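Q: Chain by chain, the residues run as shown.
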Amino acid sequence: MTFIKSTFRHPELPTNELGFTRQYYEGVLSTLCAGCGHDSISAAIVMAAFEANIEPHKVAKLSGIGCSSKTPAYFLVNSHGFNTVHGRMPSVATGANMANRDLQYIGISGDGDTASIGMGQFVHATRRNLNILYIVENNGCYGLTKGQDSATADRGSHSKKGAPSPYEGIDLCALALQLGATFVARSFSGDKHQLIPLIKAALKHKGFAFIDVISPCVTFNNNPGSTKGYEHVRDHLAATNTIDFVPERKELTTEYAEGSTQQVTLHDGSVMALHKVDKNYDVSNKSAVSMSLLDYSERGEILTGLLYHDEESQDLHQSLGTTDVPLNTLKESDLCPGGDALNKLNQGLR
Amino acid sequence: MNNVTAVNDLVIRFANVNGTGSASANDLFAKSLFRMGLPVSPKNIFPSNIQGLPTWYEVRVSDKGYLGRRLNVDMMISVNPQSMEKDIKDVRSGGYFVYDNTKPLAQSWFRDDVTFIGLPLTRLCLENYSDPRQQQLFKNIIYVGALSALLDIEFDVITDIIKEKFASKEKLIPPNILALELGRDFAKANYACPSTLRVERRDMIGDKILIDGNSAAALGAVYAGATVAAWYPITPSTSCVDAFGAYCKQYREDAEDGKKNYAIVQAEDELAAIGMVVGAMWNGARAFTATSGPGVSLMSEFLGLAYYAEVPVVLFNIQRTGPSTGMPTRTQQSDVIACAYASHGDTKHVLLFPSTPKECFDMAAESFDLAEQLQTPVIMLSDLDLGMNDWISEPFAWDDQREYKRGKVLNAEQLDELTERWGRYNDTDGDGIPWRTIPGTHPTKGSYFTRGASRDEYAVYTEDSAAYKRNVDRLALKWETAKTLVLEAEFRLAATNTRIGLMYFGTTENAALEAADRLAADDVVVDLCRIRSFPFTAAIEEFVGEHDLVFVAEQNRDAQMRTLLINELEVPPQQLAAVLNYDGMPITAGNICEQVHEYFATNEKSAAG
Ligand SMILES: Cc1ncc(C[n+]2csc(CCOP(=O)(O)OP(=O)(O)O)c2C)c(N)n1
Ligand code: SF4
Ligand SMILES: [Mg+2]
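Chains A and B, in that order, give the protein sequences. Every letter in the first sequence is one number past the one before it in our numbering, and letter 171, counting from 1, is 171. Every letter in the second sequence is one number past the one before it in our numbering, and letter 477, counting from 1, is 827.
Bear in mind the hints are in silico, worked out from the structure with no lab data behind them. Be careful, since some hints might not be right.
To be verified - Listed below are several chain B residues computed to face chain A (Cβ distance under 10 Å; list not exhaustive):
no., residue
1, V578
2, I614
3, V615
4, A630
5, M631
6, F711
7, Y754
8, F799
9, A839
Claimed, not checked - Lysine to any residue pairs mimicking SDA-like chemistry, simulated, CA-CA at most 20 Å apart:
no., chain 1, residue 1, chain 2, residue 2
10, B, K515, A, Q347
11, B, K828, B, R907
12, B, K599, A, S333
All of these numbers come straight from a predicted model, not from anything done at the bench. Glycine included, C-beta positions come from ideal geometry on N, C-alpha and C.
Please model the complete structure; the sequences and the hints are all you need to start from.
A: As structure tokens, this is what we get:
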């Protein structure tokens with residue numbers, strides 16, 4: 001069954017700089033459970049892409065398998081999408097990115113998709129600093145296969161039908177940081193004020209932009225005793241910062257009090273103004289960020305916001321030294337050395 | 351002693367130690383025979399470690415043009431004490447054993463039916479070279495010099511190769527030539543030269559080239575416009591991607607800024623390697639991966655996705671001996687079924703079977719056209735023997751008028767001109783192949799959601815049974831179209847009528863052609879068919895139909911190609927007789943003849959009984 005949304009548009013709906021309405025950034029109607037955190041993330045992506053004036057057809061959205069991985073159908077209907085195989089979206093995204101460096105890549109994954117079956121690919125896409133916005137819609141369980149614990153389930157947390165998890169939960173942000181991700185953030189599907197600017201900034205980042213979004217599964221893991229349910233998350237959120245995203249060409253007009261704000265410039269000249277909750281938190285200091293992540297998790301708190309950003313990010317194309325134009329636009333004349341070169345080569349093999 | 355006497359019909363085997371620089375001396379030896387106009391087929395027989403274990407290099411010379419392996423070592427060049435005892439046993443009766451006699455050989459190892467030729471390789475090196483590295487390396491060149499005298503190889507031919515090779519490092523020329531002379535002069539002074547084995551110049555090479563199949567395949571990928579290569583190291587495919595990198599460096603880098611018109615990603619495993627190819631091809635670049643059997647197993651899930659989601663993929667499988675790690679540095683043709691039906695569900699893949707470096711080049715290039723025209727994976731099945739050994743081959747050729755066949759891809763103008771709703775999986779042309787679009791083509795038209803889940807003609811998710819069935823039936827229709835696009839088999843019909851056929855593919859060709867000559871001499875006349883592609887073409891089906899009995903020669907235990915023929919063409923199994931070789935060594939003509947004769951012996955016996 002597919003739901004096509006009503007195409008009726010109010011004539012006076014606000015448009016962005018490209019002349020598109022927000023609805024233009026939507027996808028087909030979601031088939032996820034009502035209240036699923038994943039739908040809020042899709043809505044945040046729609047809003048972020050609209051506000052950041054993204055051209056949808058210049059975006060490729062890719063995913064693995066899972067409820068979370070279904071969501072690329074629910075935003076940016078004018079973008080090509082690819083629902084690949086379980087845990088393997090990073091490799092498909094890597095190949096796609098190699099073929100066309102000019103598109104923007106949005107990778108959507110789940111905690112099962114990334115932290116279990118796809119851990120290897122996640123690790124390596126991260127360390128290559130692939131230019132992609134990589135979102136994990138983290139509900140601590142395998143929604144699509146009916147609620148089994150995932151590897152991000154915290155020790156002692158239990159799902160609706162399950163026993164307390166006896167294993168250490170994987171902190172994907174700590175991991176991404178260690179592996180060389182150049183933009184690391186955590187957020188909560190229920191906090192669009194934090195999430196939308198984070199997505200906007202991540203879209204402008206050149207390199208691996210990782211956002212771990214806690215996204216409760218209302219059907220299998222939203223019960224008391226679960227550390228990924230709405231109530232628990234709300235009660236244990238601790239934000240490092242909130243962001244004002246200032247696009248390129250716009251001036252930073254607001255004055256911020258000394259010490260409470262850190263300005264971070266993105267690759268295209270856009271600026272993130274971080275309103276710091278903790279004055280001493282420095283998003284460019286990797287080892288300090290690492291320590292903070294540990295500290296908060298030991299206290300049972302969920303640290304959110306922009307956790308780490310590397311202004312010197314060099315993406316995979318830069319590491320490989322590929323040409324500036326997308327490889328998929330090169331023509332036969334650019335690529336084929338031709339008959340004469342071959343005859344010469346033959347001569348050397350005689 | 352009765353020595354084997356032969357001109358231009360020799361098997362010379364070198365017993366070396368892996369990692370001691372013998373490879374370039376051995377290449378020099380083979381190349382000099384090639385330059386004398388003689389068909390040579392060199393083969394490396396090597397262990398799966400890097401240094402220290404025995405390696406062998408075997409060169410066959412045949413002025414009948416036979417390039418397959420043959421048994422019976424006429425002359426063994428032994429510079430490896432570790433394998434010496436066994437190497438002595440491996441020489442045929444009447445043959446020669448050439449060895450380093452700086453240290454005496456154990457008395458008990460001598461055989462009276464073999465001629466022992468001692469060369470003081472170590473001593474000569476110590477006396478003439480001071481650098482310890484050279485003292486080691488030049489042992490190899492000295493034996494090449496000795497062979498020039500023993501086998502009557504034209505000395506100038508060898509020195510010319512040295513001069514060309516070191517044209518840019520001229521100071522290496524004199525010590526190399528000195529080594530050649532030391533060997534030659536010692537042999538001449540101490541042994542009858544030439545021996546009863548010798549070579550003579552012929553004019554059988556023409557404009558042919560000497561190259562390995564993996565380099566050729568890599569070059570084919572460069573010519574076909576592959577821009578993305580993703581891979582994970584595995585013998586014997588590694589040298590293919592290495593060669594791709596080297597050719598790209600030569601042909602695809604900007605002279606000024608060094609920027610690359612290609613991207614090579616060493617993936618974390620084969621799952622990722624093929625995933626990257628899927629992503630790149632989906633996004634409109636030409637991409638490929640190269641691997642061997644274990645890698646194909648890992649790629650299996652993605653091959654199913656690519657088949658079903660209709661994403662072109664190019665995969666070179668350089669086969670080795672399985673199952674599992676098997677003998678990783680030995681050859682086999684044992685991934686036929688694994689590749690033909692790779693993945694879960696109803697899947698079938700287009701396969702190509704090259705048998706020469708020229709064909710590796712051509713088929714590599716063809717793979718991209720076929721994959722994009724058919725929007726499906728294409729797997730080229732080479733093997734270790736073809737991929738990692740040098741072969742005499744027709745020269746490469748490229749028609750500059752040739753255009754890449756990119757298949758049914760809609761561009762922005764075409765999308766604008768469409769009058770009807772476009773459907774990614776809509777078969778508008780009746781050939782089972784729909785039109786696709788590349789991401790980023792058009793702001794509002796042509797976007798769709800690619801998935802491995804069931805969907806309708808418009809790429810809209812559905813679990814409707816009828817829609818699912820329509821889709822997989824269309825894929826079956828596409829398979830019929832593939833039969834008309836793949837490469838035709840090569841037929842060689844005997845001069846006289848016969849009801850017996852011999853089929854083979856890939857590197858089995860060389861032994862099969864030689865076997866056919868020998869069988870004809872024994873009054874068994876066979877028509878020949880070399881399979882070059884899967885799905886099987888109509889002409890292959892006819893060939894099988896026109897013969898009462900068809901031998902299928904191949905290099906695996908389970909007669910995989912025969913199984914495929916029985917399964918796909920619905921041939922009665924008794925009509926196809928298996929001729930098999932699966933010990934990890936390339937198949938020989940002798941082996942094929944033996945099995946054919948044995949078949950007749952058993953079947954006549956049972957007919958009589
Ligand atoms: C190779 C393979 N193994 C198993 C599955 C079954 N499977 C589908 S989704 C899924 C788990 C998804 O969990 P997660 O990524 O956390 O997504 P969620 O549904 O929770 O959003 C599994 C195990 C599959 N599709 N493919
Ligand atoms: S099962 Fe859980 S994750 Fe899946 S759609 Fe329902 S609420 Fe969301
Ligand atoms: Mg999950």
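Q: If a hint holds in the structure, say so; if it doesn't, say that too.
A: Comparing the hints with the structure gives:
With a least beta-carbon distance of about 5 Å to chain A, the hint placing B:V578 at the interface is held under the 10 Å criterion. Taking 10 Å as the C-beta contact cut-off toward chain A, the hint placing B:I614 at the interface holds, the least distance being around 8 Å. Restraint check, B:V615 versus chain A: the minimum CB separation of about 7 Å is within 10 Å; hint holds. For the restraint placing B:A630 at the interface with chain A, the shortest Cβ-Cβ distance is roughly 4 Å, inside the 10 Å limit, so the hint holds.
Checking B:M631 against chain A by beta carbon gives a least distance of about 8 Å; that is within 10 Å, so the hint holds. Satisfaction of the interface hint for B:F711 is found here, the shortest Cβ-Cβ separation to chain A being roughly 9 Å, below the 10 Å cut-off. A cut of 10 Å between beta carbons decides the hint on B:Y754: the least distance to chain A is about 6 Å, and the hint holds. The restraint placing B:F799 at the interface with chain A holds, with a minimum CB-CB distance near 4 Å, inside the 10 Å limit.
Annotation: interface hint on B:A839 violated; nearest CB of chain A at approximately 26 Å, more than 10 Å. As the CA atoms of B:K515 and A:Q347 are separated by approximately 14 Å, the hinted pair is consistent with the 20 Å bound. Restraint check for B:K828 and B:R907: the C-alpha separation of about 32 Å exceeds 20 Å, so the hint is violated. Of the supplied pair hints, the one linking B:K599 and A:S333 holds, its CA atoms being roughly 17 Å apart against a limit of 20 Å.
The structure shown violates the earlier hints numbered 9 and 11.
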